[in-house]
Each structure stands twice: as C-alpha cells, then as structure tokens.
Amino acid sequence: MSGLHEAVRRVAVKYGSESAHPTHDRFETGWAEIDAALQGGLNVASVHEWYGAASAADGRKWSAPIGILAYLARQAWRKNPSAYCAWVGRTCLPYPCALENDLLSRMAFVAVHDAASRLWAIDAALRCAAVAVVVADGSQFPMSATRKLQLLAQTNRKPVLLARPPWECDALSAAQSRWLVSLKTEKCPWPRWIVELQRCKGLPMTFEKRWCVEWQRVTGRIHLSTALAGDAGQAQTTSRAVERSA
Amino acid sequence: MAACCDRAEARGVRVGLSIEHAVSLIGSRFVAILPFTPEADRTALAALGRWALHFTPVVALHPPDGLLLDIAGCEHLFGGESSMLALLAARLDRLCLPSRIAIAPTIGCAIAVARYHAAPHNNVSVEQVAEVLFPLPVTALRIDDVTADTLAEIGIHTIGQVHRIPRTDLAARFGGELLRRLDAALGLVPEHVEPHRPVAPLSEFHDFDGPVTNLAVVEFVAHELLTCIVERLSAQQHGARILEYTIRHADRTQSVVRQSLTRANQNLAHIWSVLHPQFQRLQSPFGVESIRLEVVASDTVSAHQIPLWRDDVIESRGDTERAFGELIDRMAQRFGNAVVFAALRVDTYVPEQAYTTRPHTDTQTDKGAPNQNVNRPSRLFEEPEPARVLAIVPDGPPARVEWRGAAFGVQFARGPERLALPWWSAPVMPARDYFEVQLTNGRFVWLFRESDSGRWFVHGEWA
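Top to bottom, those sequences are chains F and L.
First residue of the first sequence: 1, per this note's numbering; consecutive thereafter.
First residue of the second sequence: 1, per this note's numbering; consecutive thereafter.
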C-alpha cells in the first residue's frame with residue numbers, strides 16, 4: 001500500500017495540489033515533550049545534526065551520541081520496517097549488542113574513515129529506495145556537503161542523523177535541526193544527557209529548548225527523564241497514564 | 001577397507017581394517033575386492049540423483065552415499081507418503097541397491113532416521129519428530145567427530161540427552177553449530193535442500209580473429225556477452241550471483257575477472273557498473289585472444305513489475321532486497337567487502353566476541369543469538385584502554401580513575417559483574433570484573449579489572 005500512496009502523491013505533485021517536498025512528514029521521537037515542541041516529531045525529509053561531547057582533557061577527542069542516535073534511528077526505521085538502516089562512519093559505530101534485534105537485523109554498517117568516503121556512502125544510501133534512515137559521522141563536513149545532504153534527504157524523503165564533534169558547533173550547516181548533547185553531571189545510577197535544540201528551521205523557538213533524557217537499564221532504550229525534567233516529566237507521565245488506561 | 005557388504009559386516013569386518021585382516025575374518029577364498037574410487041562413486045551418486053528426478057524436481061546429493069529428496073507437493077502423485085516410500089524402496093531394490101529411507105518433516109530428522117534408526121524404512125510425522133529423534137545417537141545430528149567425542153566423554157550419547165542440557169550451556173561449551181543442528185532437526189530453524197542440477201553452467205564465449213590490444217574492444221565484447229547472459233537468465237527468471245570472465249591473452253596467460261553480487265540480480269546496468277572498474281584495471285600487452293563469461297552461481301528472482309511513474313518506487317519486499325543488494329554491491333565495489341558489513345550476535349559473555357561481522361547475503365537465515373542482556377554500553381572501544389584506578393577496599397568498586405591523561409572522581413559505581421570464558425576454552429582469558437561507573441564529569445564508562453593481574457581497563461561507554 002505504501003507504493004500506492006507514493007503513486008497517488010506523485011500524481012498530486014504532478015497536478016500541483018501538493019508540494020514535491022512535503023515538510024509535514026515526521027517521525028516521533030517517543031519523547032512526548034519534545035514531540036509536542038516539534039509539532040509531531042523530527043522531520044523525515046531532513047538532516048538532523050547531533051553534536052557530541054568532548055571526551056578527552058585536550059578537547060580534541062569526542063564521543064558521538066551513539067545511544068541517542070541508535071534510539072532515534074529505530075524510531076525512524078519503524079515507519080518502514082521492511083527497509084534498512086545505513087550506519088556510516090568508523091569512529092561512531094555502535095556496539096551491536098546494545099542495539100535491539102529487529103534493528104540490528106536490518107542494519108548495514110559502512111566503516112569508512114575520511115569525509116569524502118562518508119559523504120559518498122551517505123549519498124548512495126539516500127538514493128537507494130531500500131534504505132529508510134541514515135546515521136552517519138558528519139565530522140569535517142563543510143557547508144556544501146550538508147547542503148547536498150539536505151537536498152538529497154528532501155528529494156528522497158529520508159532522515160539523516162549526523163553525529164558531529166562539539167568544536168564544529170559554530171560551523172555553517174544546511175541541516176534542518178541542530179542538537180547539542182551534553183553530559184548531566186549530577187550523581188545518578190544510570191546515564192543521563194541534556195539535549196538542547198539549538199536550531200530548527202521552520203519552527204518558532206519560543207518553547208523550552210533543553211530536555212534531560214536517560215538510558216533505562218531494563219529496556220536499553222532512552223526516555224525523557226521523569227525525575228528531573230519538571231514539566232516535561234509531568235507530560236511524559238501523563239501520556240504513559242493515558243496509554244495504560246487505553 | 002572403505003566399505004563392505006552386509007555379509008562381511010556380519011563377520012566382523014569394519015571400515016578401516018586392512019584387506020588381509022578383512023579376508024582373514026571372512027575366512028573364505030571367494031571374496032570380491034574392488035578398488036576404492038571416490039570420484040566414480042560420486043559420479044554414480046549423481047546419476048542416481050538424476051534418476052530420482054522421477055519422484056521430485058528437487059533432489060540434492062548427500063555424499064558419499066545419500067540423496068535428499070524434497071517431496072513436498074509431489075507425494076500425492078504417488079498415492080501419499082507411505083505409498084511413495086514403498087515405491088521408492090521397491091525401485092531401488094530392483095536396481096539391486098539396498099536402501100535405508102526416511103520421510104520426515106525436516107532434513108535433519110530425515111537424515112538422522114534414515115542413517116541411524118533400526119528400521120530401514122520410516123515415515124515420521126510432525127508429532128513423532130522428537131520421539132523418534134531423542135533415542136538416536138548424537139552423531140545423527142551431523143556434528144563433527146571432536147564434538148561427538150567430547151559429548152561421549154561426559155556421558156552424553158543420545159540426542160535426547162543433548163536436548164535436556166540448557167541451551168546457553170550448550171552454546172558456551174560447544175559453539176553454535178551443535179545447537180543449530182539440533183534446532184534444524186527439530187524444525188525450529190529452517191534448513192533448505194541445495195538441489196543437484198544436472199545442467200551445464202550458463203556461459204558465453206567469444207574468440208577474436210587475432211590478438212586484440214585495444215582494451216575498449218575487449219570491454220565492448222565483455223558487455224555484449226553480459227547482455228546475452230542477462231537475457232538468458234531473465235528468460236529463466238534467474239539472477240546472477242557470481243559471474244566470472246576468463247580472458248585468455250596471446251602470451252598464453254589468462255586473467256580472471258570475478259564478481260559476487262549481494263543478491264541475485266538481472267539488472268544489466270547494475271551488473272556492468274560493478275564489473276566495469278575491474279576491466280579498467282585489466283592489462284594485456286600482447287593482446288587478448290578470447291573471452292569467456294560464465295555464471296558460476298545464480299538464483300531465482302521474483303517477478304518484477306515495471307513501475308508506472310518512476311523506477312525507484314518500492315512495491316514489494318523483493319524490490320527492497322534488490323535495491324539494497326545493488327547498494328551494497330556499489331559500496332563494496334568502492335570500499336571493499338570488509339568495510340560494508342552486517343553484525344550478528346554471538347552466544348558468548350566476552351564483550352568483544354559477543355558479535356561477529358559478515359557480508360550481506362540473502363542466503364544467510366541465521367538471525368544470531370537473542371539479546372540476553374541489554375545492560376551494555378552503546379560504544380565498545382576497539383581495544384580496552386588502560387586506566388589507573390584507586391579503590392577504597394581491595395577488589396571493591398573504583399573510587400578514583402585516571403584515564404586518557406586526566407583524573408576523575410567516581411560519583412557512582414555498580415558492580416562487579418564477573419565475565420569469564422569457560423575453563424575449557426582456549427586461549428584462556430582471565431576473568432574480568434566489570435563496573436558501570438559514573439565519573440565526576442558525568443560520563444558513564446564500563447570499567448573492568450583483570451582478576452589475575454589486577455590491572456584496570458576502560459572498555460566502553462554509554463555515549
């Protein structure tokens with residue numbers, strides 16, 4: 001049926017009743033507060049940059065937010081589970097045992113180092129109709145590369161999740177959204193991160209832009225932190241209560 | 001002695017004895033001794049396989065002396081499974097071939113029952129699989145001799161005894177193969193018959209009038225041969241999996257251009273796009289005399305509906321797999337096969353051995369071990385990184401960590417989780433005590449202490 005929907009959409013585009021690159025198609029992050037702020041989730045046909053945290057004293061090593069990217073990749077992939085997920089970049093490969101079985105079985109890893117090879121691989125994956133989402137190491141990508149990826153993502157209506165080092169945070173980029181991930185330093189028995197939305201094209205940035213997410217030992221997934229998120233936590237708790245009652 | 005008849009076996013003759021010993025056991029002057037010719041036996045088995053095509057179109061050889069027949073959908077033509085079994089036995093008897101036959105729901109069960117059950121002819125229903133299999137010896141599972149001997153040493157002789165052992169223990173002690181064989185015999189994982197096809201391989205050949213030094217001409221001819229092959233494959237609803245060009249040069253040497261494809265493919269443009277770079281690297285200073293293209297392996301492809309609007313519309317799972325296969329082929333062509341891979345979980349506790357990488361091919365049905373423990377970091381370092389750790393009490397959790405040139409206090413530590421290889425494994429790996437540790441800067445790292453040396457390492461992090 002997805003093929004039929006696609007065909008109908010193409011006819012609508014042809015006769016001018018619909019934009020060739022719809023921007024309303026979104027995938028839910030599963031984090032109620034963030035989905036509400038983003039009006040339904042992250043845009044499917046876009047590049048989303050996630051800036052990791054520095055991981056060494058000299059500041060020249062960084063940790064890609066792999067856990068968050070793997071979680072979001074699964075959220076995006078679930079819209080089309082018969083397709084594949086491409087993970088590009090040797091330095092930010094996830095530990096396969098931390099991935100969920102369903103996603104792992106549809107994952108293609110491309111362990112390339114240099115920026116040109118990564119760009120080529122992302123380009124090829126985006127043009128392939130069998131790939132639903134691309135996660136990649138986006139370090140050292142210039143503005144022209146991100147522009148190219150954004151156009152390809154729009155044309156092929158697939159999300160690209162780029163992991164980038166923190167020192168490139170001020171670099172020019174054509175990505176639709178830009179997120180900064182930092183470590184929550186307070187004592188906690190499980191990993192927590194602050195995710196900050198720095199930019200999101202097409203959305204007025206009038207809402208709270210910082211959230212706390214945490215890794216859950218039982219599920220291995222990442223949830224909005226309920227203990228310290230304040231209003232965000234309340235919103236998440238409410239949505240869970242609704243799910244239970246339903 | 002490689003084989004003997006039933007009468008000789010009744011007198012104590014066994015495979016592996018010397019001729020003199022065997023003759024002395026029989027005690028008769030009238031002994032027929034024939035040379036052991038495995039190649040001729042295999043040819044004869046292939047001929048018998050062709051004969052068995054009377055019963056079903058899917059026949060596989062099971063050397064040295066077995067045939068596998070996939071009779072699904074054919075049995076009613078012979079009056080049911082029992083009638084078919086009787087007919088097959090009678091026909092083989094008429095050919096003077098003593099037979100042991102089993103009809104069973106799984107390949108593993110059929111082989112085990114045919115070779116090891118007391119009765120020569122058996123028809124096993126789905127409900128009877130476990131009941132019939134469990135009394136049979138473990139060697140009926142087609143496991144290697146080392147595994148069979150190890151099982152015998154610990155007093156496990158039958159399939160039923162193997163089945164009673166917890167699965168995780170079996171996988172840890174004997175690897176995945178024993179479990180896979182057991183599951184296949186019980187029908188828990190699929191197993192397919194690789195049909196014996198008595199047909200000539202698909203090939204095309206071109207002989208030049210004289211040595212051709214212009215490689216553009218060679219490329220053109222190679223493309224034309226490929227076009228012919230693809231047309232023939234398409235007519236058979238097949239796609240190429242492995243293609244091989246053999247190029248003969250004027251100096252009597254030859255070059256081989258071989259290309260494996262991730263999925264069976266009959267898209268001429270795609271196949272040529274991955275083959276063409278290899279032709280560009282071809283060198284022939286004395287010229288090319290002939291070129292031959294052979295389809296080394298092919299597979300059936302599902303019918304492909306031509307899309308109405310654009311050629312990239314995915315309509316079916318077959319289209320998805322085809323498109324994905326072409327993507328992997330292009331990436332492998334550019335970066336090499338080692339760089340483009342899938343990951344598969346492995347049943348072991350050692351973190352760096354808990355997964356394996358493999359190329360993407362659709363023939364692999366193994367989904368890997370289930371995810372038994374989700375408490376694993378999102379990133380595992382390629383090598384454990386040494387760290388200096390201060391603990392308040394001996395063997396206790398870390399209190400201070402020096403790692404990558406910086407010192408950190410510890411806010412929270414959970415552990416230890418002891419991970420060790422079984423004592424019988426080789427090489428022996430010292431036991432490791434893993435801790436989940438939150439450093440003062442908020443990072444959550446996975447630390448371990450080697451039990452024998454007491455050295456500490458950071459092995460991963462929740463990034």
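Just so you know, not all the hints are guaranteed correct.
[Unchecked claim] Each computed SDA-like pair below joins lysine to any residue, with the alpha-carbon atoms no more than 20 Å apart:
1) F/Lys61 to L/Thr440
2) F/Lys184 to L/Arg414
3) F/Lys79 to L/Asp319
4) F/Lys61 to L/Arg414
5) F/Lys187 to L/Ala407
[Claimed, not checked] Here are some of the chain L residues that sit facing chain F, going by a computed Cβ distance under 7 Å:
6) Ala323
7) Met331
8) Gln333
9) Phe335
10) Asn375
11) Arg376
12) Phe381
13) Gly442
The hints are simulated quantities; they were obtained by calculation from the structure and are not laboratory data.
Where a beta carbon is used, it is the ideal one built from N, C-alpha and C, also for glycine.
Okay, the hints, checked on the actual structure:
1. F/Lys61 to L/Thr440: Answer holds: lysine 61 of chain F to threonine 440 of chain L is near 18 Å, not above 20 Å.
2. F/Lys184 to L/Arg414: holds (18 Å)
3. F/Lys79 to L/Asp319: This hinted pair holds, its Cα atoms lying about 18 Å apart.
4. F/Lys61 to L/Arg414: violated (26 Å)
5. F/Lys187 to L/Ala407: holds (17 Å)
6. Ala323: Alanine 323 of chain L check passes; min Cβ-Cβ to chain F is 4 Å, inside 7 Å.
7. Met331: Since the shortest Cβ distance to chain F is 6 Å, the answer is holds.
8. Gln333: violated (11 Å)
9. Phe335: holds (6 Å)
10. Asn375: holds (5 Å)
11. Arg376: Holds, because the Cβ-Cβ distance from arginine 376 of chain L to chain F comes to roughly 5 Å (cut-off 7 Å).
12. Phe381: Violated: closest Cβ of chain F sits about 9 Å from phenylalanine 381 of chain L, beyond 7 Å.
13. Gly442: holds (3 Å)
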